[in-house]
Amino acid sequence: MKNCRAFIFVLLAFLAAACKEDPKDDQPADSFDRKALFTNLSETAILPAFLDFVKQADSLQQIAEAFRLQPDLPNLSALRDQWIQTKFASKQIELLKFGPLNDTKMYSLVDKWPTNEGFIEGFINGSDPITESFIQGKGATSKGLPAIEYLLFEEKDADLLLARLKNEPRRVDYIVAASHNLYQKTLEIASLWSPLGDNYQAEYIENTFSGLDGSLSLTVNQMSSHLEFMLVSKLGKALGKDLNRDADPVYLEAYRSGVSAGCLLENLLIFRELFKGGAGLGFDDYLDYLNAKKDNELLSRRILDQVQDLENRLSNISPSLKETLDQTTTEDLYQELRELLVLVKVDMASALSVTLTFTDNDGD
Amino acid sequence: MMGTRATGKSFTPFASTASLAPLAVFRIIFGVLMLFSTLRFWVYGWIDDLYIKPSFHFKYYGFEWVQALSAEGMYGLFTLMAVASLLIALGLAYRVAAVLFFLAFTYVELIDVTTYLNHYYFVSLVAFLLIWLPANRLYSLDVRFGWKQPALRGSPWFVNIIRLQLAIVYFYAGVAKLNPEWMLEALPLKIWLPAKADMPLIGPLLDYEWVAYAFSWFGAFYDLTIPFFLWNRKTRPFAYITVIIFHILTWLLFPIGVFPWVMIFSTLIFFGDDFHQKVLSRLDGIFKLPASANFTQSRIHPALRIFFIIFLAWQVLWPWRFMAYPGKLFWTEQGYRLSWRVMLMEKAGYVTFHITDPRTGRSGEAHPSDYLTPNQEKQMSTQPDLILQFAHYLEKEYQAKGVEDPVITAEAYVTLNGQGSRLFIDPEADLTEKDDSFAPKEWILDYED
Chain S
1 MKNCRAFIFV LLAFLAAACK EDPKDDQPAD SFDRKALFTN LSETAILPAF LDFVKQADSL
61 QQIAEAFRLQ PDLPNLSALR DQWIQTKFAS KQIELLKFGP LNDTKMYSLV DKWPTNEGFI
121 EGFINGSDPI TESFIQGKGA TSKGLPAIEY LLFEEKDADL LLARLKNEPR RVDYIVAASH
181 NLYQKTLEIA SLWSPLGDNY QAEYIENTFS GLDGSLSLTV NQMSSHLEFM LVSKLGKALG
241 KDLNRDADPV YLEAYRSGVS AGCLLENLLI FRELFKGGAG LGFDDYLDYL NAKKDNELLS
301 RRILDQVQDL ENRLSNISPS LKETLDQTTT EDLYQELREL LVLVKVDMAS ALSVTLTFTD
361 NDGD
Chain P
1 MMGTRATGKS FTPFASTASL APLAVFRIIF GVLMLFSTLR FWVYGWIDDL YIKPSFHFKY
61 YGFEWVQALS AEGMYGLFTL MAVASLLIAL GLAYRVAAVL FFLAFTYVEL IDVTTYLNHY
121 YFVSLVAFLL IWLPANRLYS LDVRFGWKQP ALRGSPWFVN IIRLQLAIVY FYAGVAKLNP
181 EWMLEALPLK IWLPAKADMP LIGPLLDYEW VAYAFSWFGA FYDLTIPFFL WNRKTRPFAY
241 ITVIIFHILT WLLFPIGVFP WVMIFSTLIF FGDDFHQKVL SRLDGIFKLP ASANFTQSRI
301 HPALRIFFII FLAWQVLWPW RFMAYPGKLF WTEQGYRLSW RVMLMEKAGY VTFHITDPRT
361 GRSGEAHPSD YLTPNQEKQM STQPDLILQF AHYLEKEYQA KGVEDPVITA EAYVTLNGQG
421 SRLFIDPEAD LTEKDDSFAP KEWILDYED
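Protein chains in written order, with the numbering used here: chain S, 1 to 364; chain P, 1 to 449.
Hint data in this document are derived by calculation from the structure and do not stem from the laboratory. A few of these clues could be false.
[Claimed, not checked] Pair by pair, the computed Cβ-Cβ distance ranges are:
#	chain 1	residue 1	chain 2	residue 2	range
1	P	G73	S	T104	57 to 63 Å
2	S	P249	P	L178	54 to 60 Å
3	S	T104	P	Y61	51 to 57 Å
4	P	G73	S	Q62	25 to 31 Å
5	S	E132	P	L423	50 to 56 Å
6	P	E428	S	K35	35 to 41 Å
7	S	E311	P	D370	25 to 31 Å
8	S	Q308	P	Y75	50 to 56 Å
9	P	G73	S	I124	39 to 45 Å
These numbers come from a predicted model, not from an experiment. Cβ atoms here follow ideal geometry from the backbone N, Cα and C, with glycine treated the same way.
So here's chain P without its partners, still in its complex pose:
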């Protein structure tokens, strides 16, 4: 009978298999959270605001082919996402649902760079991993209907790959905080916290500078160490209480949507078999076993193991690519994204594009607010690759108006962490002559302190 606790006892700590119960619980939680998140997105009208209304979308390098669909298409995609989330939670047609969810979610994320959030990247990665995991081998409708043979145990990889992914997110978010601004100047929290001084209870504290330092240091310490404290059985209960306090605090202080809930629930996967068996036993009613159930173990295919190792190696190395670029990371943002750099800087800018027709010598200005949503404009104004993309978009617009070969330069002013606004990119550089690539963008001006 599933739900008994006997199974865990008969294996040695070094057994080549581990309980799949944490994975089953994770599957259910992930599905429910994604369903909630998708519906929330829908109800807030963001499908319309972010994907249907804008006439222009900023693309990820290499994914220019990902286009926003028609209104029907976008709502269809979100419907698919919602249904797939539900199926994942139920463990029904699980593999198909996981594939569809990953594709639909990632497609939506790739439509517009300006909607990028680290936790969406995290969701994409986890959704991708779930495709390969036997998360439906217990407490799933696939098992109940006899479509899948139940398995209580399987390769430790299946649970640990998710734990490692979470650990990487936290650890790298911590590493990213180890910079002089965050640690020595408490920036940007020194700017952000006083703005929240009207909060009840802790509000008045936020006006003190030392509080910004305390939050900065605690945040860095928390991110760097929490995976280890969660992994260790003895420290786990306290670590988890800290997880809850930390994320609820960030939820109260900053507009970060569902991210705190994703982390609070996801980190439950660090708990042991017993805990998850208890959780699952409450679901016995939904996920009854067929009478003929015959337990097996879920083994990992050697190729999958190699693939996981490559995946992890890439995850570990990828955030360091910024070191290959010259200049200040926060300023140029070359190698900034997809690296768990969360809430690290306060940055704002304003860009005016200057267009010259070399045939006539005439010049004029273009203002992003005439073309972009406020969020798109805000994001573009501080990110050089997006400024370049927009310049290329303007080039096409002006070519359509009969200006064969416009020269387009950008007059961009940016402030970083409360340091006064200054010119951001070379105002002489003709951006229509520059191509995006992984090569350093030499037209970004140096940041001078």
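If we strip away everything but chain S, and leave its shape as in the complex, we get:
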């Protein structure tokens, strides 16, 4: 019986240690409230981004209509500007491709690049009336923002472009119809999250599950994989990072309009919004709560500094990324972006325990 008693004693000692709160122990600074985090992120960063996208697309379709009624230089300039604003709004949505926006693949219907110029020219040269329902029936590479960009920026010189658009009204019809279709799609996309629509927001807030399908993992993994997409596909390809491929601006997103750097900047701005959660709870607070560090510095600080550094670099690109591909500043930008990716994909994901596990399930 001696053995038995000793065993029970040790077991009880451990259980007591594991179950009983020791009053001397430091209290945790309130258990981190994930629900509050997701509530804040969806209210301050995510829903406003969707609403802005709808608003910008609505303006775009109205200005496009105005241009069709009165095709002149001021209207063309306004239309081009509004396209850029809409594109920037779209780049914020791009980083939010998790949950229903990822599952439904709807985003590709508004902003899939590169666009297929051959298809677009074919439709314009055809005889079917170019209406919203005509565009609706076409594939992702023939519509959305990149298709409109092609028609609005194929000719850099505004006078020449205006002349062409006046001569070929079906091009204008295409711009207008694609803008209408774009607006419809932004409504559908926004309704995925909106409390007035499918209300994914409610599910997002409640989904505090710590597995791979939890909101935490979905958000962080998308933030990380989008940074990787920016690095590899948006910058790397254009910089000729594939062996035996030269730097080539056609691999840049939005190279025709010359706002490639702006697109990357918008990606980063929404990244920072999510990371900081505005004035409220964000991932920075979560990381600080977990006391996550990198080289004796708060990891959250390192990430924010790195984001700021990248924002500065992107803002300083002049005149545009396609003209500066061969400069060391662009190469530096690329390397700094990789550093941010490592901080997020490796350090942040690890600190938050959201790195992938075996088949999304088993691990040891």
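With chain S held as given, fit chain P onto it using these hints.
Below, chain P alone, put in the same frame as chain S:
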């Protein structure tokens, strides 16, 4: 009549034979668990995800010849595994079933290193041992059909080899926890537990740092001592209750699949003859004895006994091979696998491969995510031998593209147990010039605290 309890009484404690009832129960449990586990794998779509979809698989050193089969082949293999599991449970054509199960299961495990889990290794070892054990000599269809002579008793080796194997798993898992990070810093539990703070009931506790320490210390104590407490008849009931609590807790906290159930059911083998006879007597209906049944004893062949001793010696020594390597074990992972190191570290990484064509001087990058599944990429990013394998794979890919002799280096950043990410392997080392072997990999950078 089988199922009576008289048999155990007529032997002295030092008898050269022991009841085979624990082995029969173990056989049935193992078969049923493996059947369940195989079907679960199938239903979750993992055969497709892990073995059919990936275009590249990471190989175990020395087992490069093990290839994934076609889709039909893979499903065939899993069907074979399921059927063999069922036959093992039933004790029907037992020896053949045990051999087939071991081969099929181990083959599947060898296809891709990135699917490695300690409990799969455990299953492979047990399946291998079962081939040599007379687990079908009672309560089996082999006996019912008169294909095998029933035996109530046999060499104590037959039951003890499984108990010893289990004891080794636990004890070494405990030894592996005796490191400064686990014991003095409660790592990685300090990182993992707060992530589970949303759990009902115990969730709020997980935010406390002392809870991570309590779990770490209890985990180490449990692993180191549980085999002894299970082996001792007096402490056994309490020990088994602890087994259940411990494994259910790990099951709730971590995504470790069927492992907790394997251990909870496997450790029943430590219980005595009486217990197992009671369990078996409930199965009298299925495993009726033929009228002509003639009991014998199952003796152990001297060669088999020697083989078991060698097997155990290897099991005892093998996990220590890491001591032959320089550097920090968790960092280099040289001698890490196949050693019962379970849930010991939080490690993550990101690797970019740089490829240079020496003829033209041009260079470029390759990104693992273009070639690998997310799990493969995650596993590769923190394990030097897999990074090397992938570099060799890229070498072939680029040779096929006309780059005769590419120079391939890896820019890898890894974080270990929440210490900031840092360079993992020598970014200057041309990995196409390095071969995998048991020799220390000098191109792994030192871990600096």
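When the structure is checked against the list of hints, which entries are broken? Sort them ascending. 1, 3, 4, 6 and 9
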